[in-house]
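Chemist: What follows is the residue order along each chain.
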Amino acid sequence: MARIGVFVCHCGENIGATVDCARVAEACRKIPGVAHSVDYKYMCSDPGQTLIREAIAQNKLTGVVVAACSPRMHEPTFRRVCSESGLNPYLCEMANLREHCSWVHEKSDVTTDKAIDLVAMLVEKVKRNKPLHPIKVPVTKTALVLGGGISGIQAALDIANAGHKVILVERDPSIGGHMSQLSETFPTLDCSQCILTPRMVEVAQHPNITLYTYSELESLDGFIGNFKTRIRKKARSLDEKLCTGCGLCTTKCPNKKIPSEFNTGLGMRTAIYVPFPQAVPNKPVIDREHCTYYTKGRCRVCEKVCPTQAIRFDQEDQIVEHEVGAVVVATGFTVKETDFFPEYGYGKYKDVINGLQFERILSASGPTLGEVKRPSDGRVPETVVFIACAGSRDPAKGIEYCSKICCMYTAKHAMLYKHKVHHGQAYVFYMDIRAAGKMYDEFTRRAIEEDHVQYIRGRVSRIYERNGKLIVQGADTLLNAMPVEIEADLVVLATAGVANEGAEALAQKLHVSYDSHKFFVEAHPKLRPVETNTAGVFLAGACQSPKDIPESVGQASGTAAKVAALFSMDELTREPVVAVVNRTAPPLYSTCVGCFLCQSACPYQAIEREEIKNRNGQVVKTIAKVNPGLCQGCGTCVAFCRSKSIDLQGYTHEQVYAEVMELLS
Amino acid sequence: MEALQKSAREALENHKAKVIIGYSEGSGGRMRPIFVQSPAEAEKLTWNDRCTQNLAVYIAKPEVQKLGKPALVAPLPVLRAVLQLASENQIKEGDLLVLALSDGRVTELSQFSEMEEFVAKTPTHLASKDQEAIERLEKMTPQERWQYWQSELTRCFKCYACRAACPMCYCSRCTVECNQPQWIPVPAHPLGNWEWHLMRAMHLAGRCVSCGACGDACPLDIPIHLLTMKVEADIHREFGSQAGMKVQSEHALSSFKVQDKENFII
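Line by line, the protein sequences are chains A and B.
Per my numbering, the first sequence starts with residue 522, numbered consecutively.
Per my numbering, the second sequence starts with residue 18, numbered consecutively.
Only chain A is shown next, with the shape it has when bound in the complex (with noise of 0.2 Å):
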């Protein structure tokens, strides 16, 4: 016979307020098979523990529900609670009497009867529970870093200086993201590139690091320590082993006349090119979209240039499998078009920019070298506004969200215009300045204080041209909304930041989830934020929400933390909620008939076949098999499975079924 001991938590007022927790022990003392009932203010606490220990000896329980708040939030406390009793941590259960029950219900007589059923239903569950034994699996102590950008390259670093493997992936020719485009950073004015070259150096020179470049994820499968993934490096169509990055080629293709990625399009490059002259590696491609042997079938000019003769018409993506135990999501983001705007244009006025292009242009080794000219014709513009929350905060464009970032630059590329341009003036039309870190209001203040900018808190409704000036046109709402125009040279607009392109195919490849903007979701907003709800996948960067530099490399040190962590292990423990595909006596051998239809709808790749053979060794049957290290406990193939051949431990056929039937009777 079944000896239960139930505890109700009050969980101070969170479910004593609204629940009659003395009357749902009284009640459940009723139950057959329940040996012991008491309710308790906080069953978590250290007092509560011990009532816990206590009634397991002197009672001689049998199993144990603790009724109380999210079994996510304290099941491993009880379960331990019950080991270090002697009682098998799967003999413990927890009913959910605060997310399901108290905070969704006011306080009412019903609301305690829903208590007192949900504790029932786990009364009877834990009667047929069984005692479970922790998996072990083996941890492969190597990270997989998806993105080159300083959040990737600080977690890269990290991790190997740890001393473990580390394998990074960047979509484009070079590492070095964003923050290679960017001219100063704030607040302290130093240069962008200075500070970030010498860490993308580092990563190519770590002996722990193997970095791929030109390369995308796959495919990722497994769990966490032993992921297995797949890696397509694209075709360069070059040898990299012989190129020696004399940059030859580069000078020589006839193809010149593509606008440049890295210089947001203002700048051009040829079609053998390197993104910019401290790209790591410091390696060309071959766009195969414009270059004319490609796209014509003749030049082959960079081939015969080409010293070493390093060039490689021919090559093909190239598919590279590794094995990992943790993979870092560094994959960044992006920023809002000047198109994205009908009322500033469309993006047909070609001095209406962003502000990842007025970067280009402060830039020293931007298109204009770091004058400050105008992309329309080249003049020094003498009047610049910039508009700050383009697009970001903006409900009516589908982006709510504060974009973060914006404020900080903004005043930045103000005080960097006025430091080129000593006459000019600059605007800026902002919503609310937003400058909370570290020297980041001093910072604006100085904008405002000592480099004279113009704050205007208002927005600008329209922008249009006029005798070859931008006319803007807003409205200053701290002088009651009165009527602004400004003739303008140049408009640089802080256009909202947004997910990466492909973040959505990526997240799926990844199993984690992501939000309505496609940035990907962290496993807690405060207590959890670098990991996500997959296992041994972890965050850095703006690939979650909009971030600064220090905020991302700070995330990605506490990414590479959390892996070093990991990898401290050299076994994984691993709960035991797995499937299991039955035995039976022969001739049948199991009812499973092996038509592995399950073996498709399981997500982890975790059923394989398994041959069942005689005496003599000849096949009679096979059947499917659940491969406990993969498996993930979800339950899909329990659900799919026609002869219910298969039943998940600790959420059995039996279990499950006897809860519903205490809930109807």
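None of these hints come from the bench; they were simulated from the model.
Keep in mind that a hint or two might mislead.
Unchecked claim - Taking lysine-lysine pairs in the BS3-like style, the calculated list, with each CA pair at most 27 Å apart, reads:
id : chain 1 : residue 1 : chain 2 : residue 2
1  : A       : K857      : A       : K990
2  : B       : K274      : A       : K1030
3  : A       : K1146     : B       : K263
4  : B       : K86       : A       : K1142
5  : B       : K274      : A       : K755
6  : A       : K939      : A       : K959
7  : A       : K1134     : B       : K78
8  : A       : K939      : A       : K871
9  : A       : K754      : B       : K274
10 : A       : K871      : A       : K778
11 : A       : K651      : A       : K581
12 : B       : K109      : A       : K1134
13 : B       : K109      : A       : K1142
Fit chain B to the known structure of chain A by using the hints.
Modeler: Chain B only, in chain A's frame:
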């Protein structure tokens, strides 16, 4: 008819098959299956519109397997059932021979690839009376349809003839026989009948070859075949896949594609 008997005789004489599973005249105007094991018996084989039973139901049965390699007299639904069984790993290449029937001609097929080609060339539309019945049901309001099925399924007394007639119901232990716990109640009461028939329709979703053998087998003439045919037609329309067309096929309900429609999510 003569072509069929000749092919069957040759298959036995040339040892291409040990037993021919076909149709012969039964009693009361009904056709019955026949297992022809000697060339002399081949003349008993026949083929007409009354041959509605799906003979593929026999190939996985241990007692039939003991007879040796079979040759199956196969109108289109039987052939599709063979391919679907192959896709579910129930038969292997070379396990059986098929005498495919179409337009009075007999084609001997031994490879799955040949069977796939044959099926691909043959139109797979439903019989007009079934098509019309489904359209009639589709035109009903949900309440009318509920009433209709309630009155039909209440009559069922769970003889499981539908299950025995279905080539796709090959489990060695059917769900209804799972009694720990007993998810589907055994007695033939209205609720239990509903549960059985809805479960059967779901278990055949994406697998039904629309032969209609279940409906023909029903001693109470409950048109249960319309349930599985309708589900199959919906799956074909929504996901593009059709059961029993290819051996290497992705089962509509167990596979996921990014481009799968999600318009059922409200």
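Chemist: Hint by hint, say whether it matches the structure.
Modeler: A quick look at each hint next to the structure:
no., hint, verdict
1, A:K857 x A:K990, "24 Å, holds"
2, B:K274 x A:K1030, "12 Å, holds"
3, A:K1146 x B:K263, "25 Å, holds"
4, B:K86 x A:K1142, "18 Å, holds"
5, B:K274 x A:K755, "24 Å, holds"
6, A:K939 x A:K959, "23 Å, holds"
7, A:K1134 x B:K78, "20 Å, holds"
8, A:K939 x A:K871, "21 Å, holds"
9, A:K754 x B:K274, "24 Å, holds"
10, A:K871 x A:K778, "18 Å, holds"
11, A:K651 x A:K581, "16 Å, holds"
12, B:K109 x A:K1134, "18 Å, holds"
13, B:K109 x A:K1142, "13 Å, holds"
Of the numbered hints given earlier, the model fails none.
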